[in-house]
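Given the coordinates of chain A, assemble chain B onto it according to the supplied hints.
Here the protein sequences line up with chains A and B, keeping their order.
If you're matching positions, the first sequence starts at 1 in UniProt numbering and goes up one per residue.
If you're matching positions, the second sequence starts at 1 in UniProt numbering and goes up one per residue.
None of these hints come from the bench; they were simulated from the model.
Built from N, CA and C at the ideal position, the CB exists for glycine as well.
Not one of these hints is a red herring.
Covered stretches of chain B, going by a simulated chain A footprint (3 or more residues, C-beta under 8 Å):
hint, stretch
1, 61 to 71
2, 88 to 101
3, 256 to 265
Number of protein chains: 2
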Amino acid sequence: MTKLADWFETSNDATKVLLRLGARPDVISLAGGLPAPELFPGDAVADAFAHVARSAPAVSLQYGPAEGIEPLRALIAAQMRKEGAGSVTAENVLITTGSQQGLTLIGQTLLNKGDRIALDEPTFLGALDAWRPREPGYTAIDWSGNTPVFKPSSDAETMPKFAYCLPNFRNPTGETMTLDARKALVAAAQRDDVILIEDNPYGALRYEGVQPASLISIADQGGDGPYDGHVIYTGTVSKTLAPALRVGWMVVPQRLLHGLIISKQGLDLCTSPLTQYAALHLIETGVEAETSERARDLYRIRRDAMLAALEAEMPAGVTWTRPEGGMFVWVTLPEGTDAHDIFQRAADARVAIVPGDVFYAMNPAHNTMRLNFTNVPEATIAEAVQRLAGVIEGRARNAA
Amino acid sequence: MTKLADWFETSNDATKVLLRLGARPDVISLAGGLPAPELFPGDAVADAFAHVARSAPAVSLQYGPAEGIEPLRALIAAQMRKEGAGSVTAENVLITTGSQQGLTLIGQTLLNKGDRIALDEPTFLGALDAWRPREPGYTAIDWSGNTPVFKPSSDAETMPKFAYCLPNFRNPTGETMTLDARKALVAAAQRDDVILIEDNPYGALRYEGVQPASLISIADQGGDGPYDGHVIYTGTVSKTLAPALRVGWMVVPQRLLHGLIISKQGLDLCTSPLTQYAALHLIETGVEAETSERARDLYRIRRDAMLAALEAEMPAGVTWTRPEGGMFVWVTLPEGTDAHDIFQRAADARVAIVPGDVFYAMNPAHNTMRLNFTNVPEATIAEAVQRLAGVIEGRARNAA
Numbered sequence: 001m002t003k004l005a006d007w008f009e010t011s012n013d014a015t016k017v018l019l020r021l022g023a024r025p026d027v028i029s030l031a032g033g034l035p036a037p038e039l040f041p042g043d044a045v046a047d048a049f050a051h052v053a054r055s056a057p058a059v060s061l062q063y064g065p066a067e068g069i070e071p072l073r074a075l076i077a078a079q080m081r082k083e084g085a086g087s088v089t090a091e092n093v094l095i096t097t098g099s100q101q102g103l104t105l106i107g108q109t110l111l112n113k114g115d116r117i118a119l120d121e122p123t124f125l126g127a128l129d130a131w132r133p134r135e136p137g138y139t140a141i142d143w144s145g146n147t148p149v150f151k152p153s154s155d156a157e158t159m160p161k162f163a164y165c166l167p168n169f170r171n172p173t174g175e176t177m178t179l180d181a182r183k184a185l186v187a188a189a190q191r192d193d194v195i196l197i198e199d200n201p202y203g204a205l206r207y208e209g210v211q212p213a214s215l216i217s218i219a220d221q222g223g224d225g226p227y228d229g230h231v232i233y234t235g236t237v238s239k240t241l242a243p244a245l246r247v248g249w250m251v252v253p254q255r256l257l258h259g260l261i262i263s264k265q266g267l268d269l270c271t272s273p274l275t276q277y278a279a280l281h282l283i284e285t286g287v288e289a290e291t292s293e294r295a296r297d298l299y300r301i302r303r304d305a306m307l308a309a310l311e312a313e314m315p316a317g318v319t320w321t322r323p324e325g326g327m328f329v330w331v332t333l334p335e336g337t338d339a340h341d342i343f344q345r346a347a348d349a350r351v352a353i354v355p356g357d358v359f360y361a362m363n364p365a366h367n368t369m370r371l372n373f374t375n376v377p378e379a380t381i382a383e384a385v386q387r388l389a390g391v392i393e394g395r396a397r398n399a400a
Numbered sequence: 001m002t003k004l005a006d007w008f009e010t011s012n013d014a015t016k017v018l019l020r021l022g023a024r025p026d027v028i029s030l031a032g033g034l035p036a037p038e039l040f041p042g043d044a045v046a047d048a049f050a051h052v053a054r055s056a057p058a059v060s061l062q063y064g065p066a067e068g069i070e071p072l073r074a075l076i077a078a079q080m081r082k083e084g085a086g087s088v089t090a091e092n093v094l095i096t097t098g099s100q101q102g103l104t105l106i107g108q109t110l111l112n113k114g115d116r117i118a119l120d121e122p123t124f125l126g127a128l129d130a131w132r133p134r135e136p137g138y139t140a141i142d143w144s145g146n147t148p149v150f151k152p153s154s155d156a157e158t159m160p161k162f163a164y165c166l167p168n169f170r171n172p173t174g175e176t177m178t179l180d181a182r183k184a185l186v187a188a189a190q191r192d193d194v195i196l197i198e199d200n201p202y203g204a205l206r207y208e209g210v211q212p213a214s215l216i217s218i219a220d221q222g223g224d225g226p227y228d229g230h231v232i233y234t235g236t237v238s239k240t241l242a243p244a245l246r247v248g249w250m251v252v253p254q255r256l257l258h259g260l261i262i263s264k265q266g267l268d269l270c271t272s273p274l275t276q277y278a279a280l281h282l283i284e285t286g287v288e289a290e291t292s293e294r295a296r297d298l299y300r301i302r303r304d305a306m307l308a309a310l311e312a313e314m315p316a317g318v319t320w321t322r323p324e325g326g327m328f329v330w331v332t333l334p335e336g337t338d339a340h341d342i343f344q345r346a347a348d349a350r351v352a353i354v355p356g357d358v359f360y361a362m363n364p365a366h367n368t369m370r371l372n373f374t375n376v377p378e379a380t381i382a383e384a385v386q387r388l389a390g391v392i393e394g395r396a397r398n399a400a
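So that you can see chain A by itself, here it is in the shape it has in the complex (with noise of 0.2 Å):
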């Protein structure tokens, strides 16, 4: 009997679940991470890839270059100087499956078995998936003093590899980083010469509020480049054209970047040049820009849309976070409440959330849930918060 990798032992198959939670069509979904449907740009996509295709078949169609075509790469180290980071040339990007795969990149081009990943928890699933096979450990940052610790004093172990955050509306709880703890945060990891992943998918859906510096930027030093700062960053097309893409990148420090191209190389040869084309017809013509504006307006209303229902709907005790952006909101029930509990109750009545205990690599919390407010419209929105409502009170009142 063929005996599965050891890493298994740790394994889970919630992100699984999770994407197929949505699919009964009886059931309300607040469980996926999904984009509105109706915002993809279905023609724009269909004549971006007919025009490259019919265009230049001889290089669309071919094995492409491991780490990316050229001119998307060109255009989003420009992207990345205009935003701050000004040495990163398109030397320093490398194009990727999706960003998930960067995530995967990042951990077998460093991790050994046992190396140490330090993180805020509750943090992205797909991050821990990603890492997983590498069997590492993980470790809290320190926010307690002036700066970040990465490596608490009592522990006997080296630094960690990496420290990985999601500085805006992070998954799952729709928290962003301020200004002063990126600052800090940089600061610790040049202190220490610890490596940054700044996982950022959900940048562009900002809905109120000003963006605070990204962590690249903070960290690069300008000048001539290329970059070879102490950030990683992760962006994608998933969350402003359409995750069918797959296209992501990587902004990476010279001194990375071979490595990262020989990983990327044996993940799976290359990322289709036909898609990586299509995607920078996409950008080019603005199509990406406008599509993103469209998600900001529609999703700024489910997100004021679920707002306004948890406090209309939830009973006493329940508190949540107000996300400035992005795609979750992060529900905390009364002390002692098992959310898996309420994921039963409320799978019974037709509504569909994560338990919070999935999202955590260390200590999980039993008492929250992550509730997504981009998938569906505002009305069953609200919906699906009263019924939820009603299984929490309905909780409540059995246990007193």
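Leaving out everything else, chain B in the frame of chain A:
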């Protein structure tokens, strides 16, 4: 200074170098493994993507299931059953981002550090690249007896986790495994409970003769599925349609499917549904079959041109394989010749080849090289072989 993971101590950038070798416009490249770009059905691909994106944007542009879209999985299962693997159902099929990702998935799902892989050398470089991050060991399949042996009796180690083969037109040698060898291999795998990987990227590219039965059809006992035998099969549209679709698949025993799907979602969440639906459309409308037939016609001519040129030009003491299909001829130089030396001198004569030693995991033969015959027209092949023969002859004269 950030240290890369330990597996980089054994890594090389051979694939990257090979993919770039052909880029210099004044060099004739026999080095790559690229299809002829003039075969790519650009207009049909344009139509397929446009049709899918326009007619079903909500599904084709969204995230999809980690295992792939059901209709493509069902179509591949039906093809496998037609080719003799009678118990294969859609449930056994996992869509991958190119068949390279299938190899990565197998390594990630089955290998712990130090686990061994059995194979015949020389072998596919991309497979070695895919498995290197898992830090495996290697063992040669012993074919000296009545039945192949996966584990040398002198060896204290356990059985290999799996055995890897390219039964049809092996990269890099072009050789095809006989039916008797296939039967013996499957019997040995069943006896020792070892998984066999049947990597079949070139199966459709047969230019003469009859294909022996696939390993999976020999291993499959038929009957009601899902299939749960000893063979994992991998296929791709890269050689029959276009590499840039990055659509491959694995046919997987039922007991391994769950582990492979968990692995897959960690790597890139899902393969693009847009591309999968487009590939399905291109298969269903006959474009893939037609492209494949045009490839066979074109590549037969190019293979014959290469074999004729080798016959006419090569000095005594040089031998080569005569592949019935695929993309490569394997050349053995006189004992003592270093193919890296030939590689350098050939580059000076503006011809690119691949020194054979990069295709070995254990005991490299330094007097070997791989020639590709699919990517350049027959007159150019003849010119390249003539230049190469001159280099080899000159080298022999200098050595004498």
